[in-house]
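Chemist: Now for the letters of each chain:
There are 2 protein chains.
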Amino acid sequence: MYALLGGTRVIEASSFVASPSAGLYLAQMGAEVIRVDQLGGGPDFRRWPKADNGASLYWEGLNKGKKSVALDLGRPEGRELLAALATAPGDRAGLFLTNFPVDGFLSHEKLQQRRADLITTRIMGLANGGPALDYTVNSALGIPQITGPESLGDEPVNHVLPAWDLLTGAYAAFAMLAALQHRQATGRGQEVRIPLADVGIATIANLGQLAEVITTGDNRARYGNSVYGAFGRDFVTADRVRLMIMAITPRQWTGLVTALNLAAPVAEIEATRGVSFAKDEGVRFEHRDALFPLVEAAVALRQSDELGAMFDQLGCCWGSYQTMREAAHDAALVGENPVFSTIKQTSGLSYPVPGAMATIPEEPRLPPVRAPFLGEHSDEVLAEVLGLGSGQIGALHDAGLVANA
Amino acid sequence: MYALLGGTRVIEASSFVASPSAGLYLAQMGAEVIRVDQLGGGPDFRRWPKADNGASLYWEGLNKGKKSVALDLGRPEGRELLAALATAPGDRAGLFLTNFPVDGFLSHEKLQQRRADLITTRIMGLANGGPALDYTVNSALGIPQITGPESLGDEPVNHVLPAWDLLTGAYAAFAMLAALQHRQATGRGQEVRIPLADVGIATIANLGQLAEVITTGDNRARYGNSVYGAFGRDFVTADRVRLMIMAITPRQWTGLVTALNLAAPVAEIEATRGVSFAKDEGVRFEHRDALFPLVEAAVALRQSDELGAMFDQLGCCWGSYQTMREAAHDAALVGENPVFSTIKQTSGLSYPVPGAMATIPEEPRLPPVRAPFLGEHSDEVLAEVLGLGSGQIGALHDAGLVANA
Chain C
1 MYALLGGTRV
11 IEASSFVASP
21 SAGLYLAQMG
31 AEVIRVDQLG
41 GGPDFRRWPK
51 ADNGASLYWE
61 GLNKGKKSVA
71 LDLGRPEGRE
81 LLAALATAPG
91 DRAGLFLTNF
101 PVDGFLSHEK
111 LQQRRADLIT
121 TRIMGLANGG
131 PALDYTVNSA
141 LGIPQITGPE
151 SLGDEPVNHV
161 LPAWDLLTGA
171 YAAFAMLAAL
181 QHRQATGRGQ
191 EVRIPLADVG
201 IATIANLGQL
211 AEVITTGDNR
221 ARYGNSVYGA
231 FGRDFVTADR
241 VRLMIMAITP
251 RQWTGLVTAL
261 NLAAPVAEIE
271 ATRGVSFAKD
281 EGVRFEHRDA
291 LFPLVEAAVA
301 LRQSDELGAM
311 FDQLGCCWGS
321 YQTMREAAHD
331 AALVGENPVF
341 STIKQTSGLS
351 YPVPGAMATI
361 PEEPRLPPVR
371 APFLGEHSDE
381 VLAEVLGLGS
391 GQIGALHDAG
401 LVANA
Chain L
1001 MYALLGGTRV
1011 IEASSFVASP
1021 SAGLYLAQMG
1031 AEVIRVDQLG
1041 GGPDFRRWPK
1051 ADNGASLYWE
1061 GLNKGKKSVA
1071 LDLGRPEGRE
1081 LLAALATAPG
1091 DRAGLFLTNF
1101 PVDGFLSHEK
1111 LQQRRADLIT
1121 TRIMGLANGG
1131 PALDYTVNSA
1141 LGIPQITGPE
1151 SLGDEPVNHV
1161 LPAWDLLTGA
1171 YAAFAMLAAL
1181 QHRQATGRGQ
1191 EVRIPLADVG
1201 IATIANLGQL
1211 AEVITTGDNR
1221 ARYGNSVYGA
1231 FGRDFVTADR
1241 VRLMIMAITP
1251 RQWTGLVTAL
1261 NLAAPVAEIE
1271 ATRGVSFAKD
1281 EGVRFEHRDA
1291 LFPLVEAAVA
1301 LRQSDELGAM
1311 FDQLGCCWGS
1321 YQTMREAAHD
1331 AALVGENPVF
1341 STIKQTSGLS
1351 YPVPGAMATI
1361 PEEPRLPPVR
1371 APFLGEHSDE
1381 VLAEVLGLGS
1391 GQIGALHDAG
1401 LVANA
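Chains C and L supply the protein sequences, listed in that same order. Taking this note's numbering, the leading residue of the first sequence gets 1, the next gets one more, and so forth. Taking this note's numbering, the leading residue of the second sequence gets 1001, the next gets one more, and so forth.
For the record, the hints were derived by calculation from the structure and aren't laboratory data. Check the hints yourself; a few may be wrong.
To be verified - Simulated DEER-style distance windows between Cβ atoms:
(1) Asp312/C <-> Gly1006/L: 40 to 48 Å
(2) Glu1286/L <-> Phe373/C: 22 to 30 Å
(3) Ser1276/L <-> Gly348/C: 25 to 33 Å
(4) Gly7/C <-> Phe1105/L: 33 to 41 Å
(5) Arg1075/L <-> Asn261/C: 33 to 41 Å
(6) Glu1286/L <-> Gly6/C: 41 to 49 Å
To be verified - With a straight-line Cα cutoff of 35 Å, these simulated DSBU-like cross-link-like pairs (lysine-lysine) come out:
(7) Lys1110/L <-> Lys279/C
(8) Lys279/C <-> Lys1050/L
(9) Lys1279/L <-> Lys110/C
(10) Lys1279/L <-> Lys344/C
(11) Lys344/C <-> Lys50/C
(12) Lys1344/L <-> Lys1050/L
(13) Lys279/C <-> Lys1344/L
(14) Lys1279/L <-> Lys50/C
To be verified - A few chain L residues that don't get close to chain C, going by computed Cβ distances all over 12 Å:
(15) Asp1072
(16) Val1275
(17) Asp1289
(18) Leu1294
(19) Asp1305
(20) Glu1376
(21) Glu1380
(22) His1397
(23) Ala1399
Quick caveat, the model's predicted, so the values are computed rather than measured. Quick reminder that beta carbons are idealized off the backbone N, C-alpha and C, glycines included.
Go ahead and model the full structure; you've got the sequences and the hints to work with.
Modeler: Written out as structure tokens, the structure reads:
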């Protein structure tokens, strides 16, 4: 947590990964992020992975440091309260983050009637309002067909990490602040729509891959664990440790050749084939049929600890494969990483939890804050943001429109 | 392209995916992004995929709409010019985006001596300054071991999409604007460091997966193309079309059961096993041994076009698998998508190119702008940003410190 966005208030009505992660990034940079959910929890409230007691580890991970308001959004009075919160006054308020339907009761057009300079950042599936999720977007982009070993033939391999959701979430946090800059300069708000499918296809294009298939007319082949267009693959050491080894820059390549004592055989390949590997990583990829066996044999002769030390000394780029359990107990990644602090989360479990994934050396890093209990801040928010008195809030409770944790 | 960030100037000294993509997002929202490179191009200037004429489709994809300045960064005078650009005055300037080494000539500490309120957003590999790339970060997180079919045993499967680079890039664009908000409020600048490895491990934690392995003590199993904790997998139709079908919300589940006429057999499973699938997607995952064969058989009986129409009508969430070449020729994704316009890119090739991946209904969408030629804007930028006269600029050219396209 850092206080860069102190004084900024965001109302979030969202679920799943993309929209809540945008709210998380904003909260971890100091914004007051108020997540409003249906009484009893939104569609992601019990999503896996879950703790033994049924609490969603996923939900408490994506909602750290937010406030929670629980309303009956099935009734007009509950919807009215959410609309009032989203459009409440304040120079650095009127920022609404959502993945609710574009044409529903949270349409920008309707909300804008209450606050003309409202900024709505809306995560969508398809740009036309149709449903799409990370995995259905990914299947349409051609990525699963080029993931995994050649031995799989035409079988697609889905990614496990919801990469499109995550990219969309970070981009939404960016888009929210871009719109805020614009409002500060011009006084005008607007709706910024971010469809997952557009993020997917635009990204493939930004990486040059769409241009590649259009201009060549061919799909890229499946290259297994090899990195396309550079030197990179997994190799196994004498003590059976699998390493990911890459060489993109000249320094990384020279370091690798030196560490593995391959100068002579590499020079021989260069002479025979009339190429030079030092300055062009693409040439290393084109001649991987010769280079991979050399590196494979050399790595297989060496112990992982010696090799790692040598690689580090020479500025090589490498990493060990480890399981997620090993990652969780990796001191550099978690235990001794200042990004993490062990706190008691909302589930009641204590475990290491990350704050902002950026580090700001000149600012104090504030410890991560647990996720809210559902509705924990209902009364506080209704009083502070909408100015409701305790009698009014009590009446809302009596009517079953609001709940506390 | 949208003009939300008009009047904002960002100096970018970067390479590869993360840092250039952050600059791209800023440029596509209207910022003036000036990318400064070594004469002849940085380490990513010829990266694959490439056009037949040697131009990098990757480079021209990630640098659309930016300006380009080419300097000799190996000499003190060239470094001085870059430092002067990064720290040039202006309320909405002094924004520096880089992945150069944290302790080198572009250290924040050194630059800050020239402009106290400078904001530096720095992409890093490891937080300690050590090298790491997307693939070496990913190997350490445990994702490759749970990607792909069970038949692969312990073989890891690398992702093809550089998901960590992409997430880091979007987050960096967000962090840049968060720091700008802070400077506008307080007058203070700072360096925001974003290490790829921290983005990776924090994200695994944000999704609840780190808590899962810590609290259970076990790694998640490999589930192939099945979506963990919900109903989702690939299925093949009678006409051999492979579909990704998901059901997370109650509506998606009910729609799927209706479309496939599975109400009776699903009810029988529910009765036999004493569970209810309608409201809890996790239960659908736990009983996938019974549900997958039912859906598989029902999908295999139906033609893809009929099924797709039915799914759409019932609000189901699904997508076809298609190759990237098919994606490139998919009218909804590219040809008729207002995000894309066909322009002549810097390589000389004309093809569909995306603008901003967000859509702002109330603002005019400006067409995408090709990437610059290397050094295309050197003279213009030296004159406009540093106020150099034509004689001074000529002398820099004579000294071999600056080049034009």
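Chemist: So, for every hint listed, does it hold in this structure?
Modeler: So, going through the hints one by one against the coordinates:
For the pair aspartate 312/C and glycine 1006/L, the beta carbons lie near 45 Å from each other, so the given range of 40 to 48 Å is met. In this structure, glutamate 1286/L and phenylalanine 373/C meet the distance hint of 22 to 30 Å, their C-beta atoms being roughly 26 Å apart. Checking the proposed 25 to 33 Å range against serine 1276/L and glycine 348/C shows it holds: the Cβ atoms sit about 26 Å from each other. For glycine 7/C and phenylalanine 1105/L, the hinted distance range of 33 to 41 Å is satisfied, since their beta carbons lie about 36 Å from each other.
At roughly 34 Å, the beta-carbon separation of arginine 1075/L and asparagine 261/C lies within the given 33 to 41 Å, and the hint holds. Distance hint for glutamate 1286/L and glycine 6/C: a CB-CB separation of about 44 Å, consistent with the stated range 41 to 49 Å. This hinted pair checks out: lysine 1110/L and lysine 279/C have alpha carbons roughly 30 Å apart, not beyond 35 Å. Restraint check for lysine 279/C and lysine 1050/L: satisfied, since their Cα atoms lie roughly 16 Å apart, inside the 35 Å limit.
For the given pair, lysine 1279/L sits about 30 Å from lysine 110/C by alpha-carbon distance, which is consistent with the 35 Å threshold. Annotation: proposed proximity of lysine 1279/L to lysine 344/C holds, straight-line Cα distance about 29 Å (limit 35 Å). With a C-alpha separation of about 16 Å, the suggested pairing of lysine 344/C with lysine 50/C holds against the 35 Å cut-off. Distance hint between lysine 1344/L and lysine 1050/L is fulfilled; the C-alpha atoms sit about 16 Å from each other, no more than 35 Å.
With a C-alpha separation of about 29 Å, the suggested pair lysine 279/C and lysine 1344/L falls inside the 35 Å cut-off, and the hint holds. About 16 Å separates the Cα atoms of lysine 1279/L and lysine 50/C, which keeps this hinted pair within 35 Å; it holds. Listed as outside the interface, aspartate 1072/L is consistent with that label: its C-beta sits roughly 17 Å from the nearest C-beta of chain C, beyond the 12 Å cut-off. For valine 1275/L, the shortest C-beta to C-beta distance to chain C comes to about 14 Å, beyond the 12 Å cut-off, and the non-interface label holds.
Taking the minimum C-beta to C-beta distance to chain C, about 17 Å, the non-interface status of aspartate 1289/L holds against the 12 Å cut. With a least beta-carbon separation of about 20 Å from chain C, leucine 1294/L lies farther than 12 Å from that chain, consistent with its non-interface assignment. For aspartate 1305/L, the shortest C-beta to C-beta distance to chain C comes to about 16 Å, beyond the 12 Å cut-off, and the non-interface label holds. Residue placement check: glutamate 1376/L keeps its beta carbon more than 12 Å from all beta carbons of chain C (closest about 19 Å).
For glutamate 1380/L, the condition that its CB be more than 12 Å from all CB atoms of chain C holds, with the nearest at approximately 24 Å. The claim that histidine 1397/L lies off the interface holds: its Cβ sits roughly 25 Å from the closest Cβ of chain C, which is beyond the 12 Å cut-off. In this structure alanine 1399/L is separated from chain C by more than 12 Å, as the shortest Cβ-Cβ distance comes to about 25 Å.
Consistency with the previously given hints is maintained throughout, with no hint failing.
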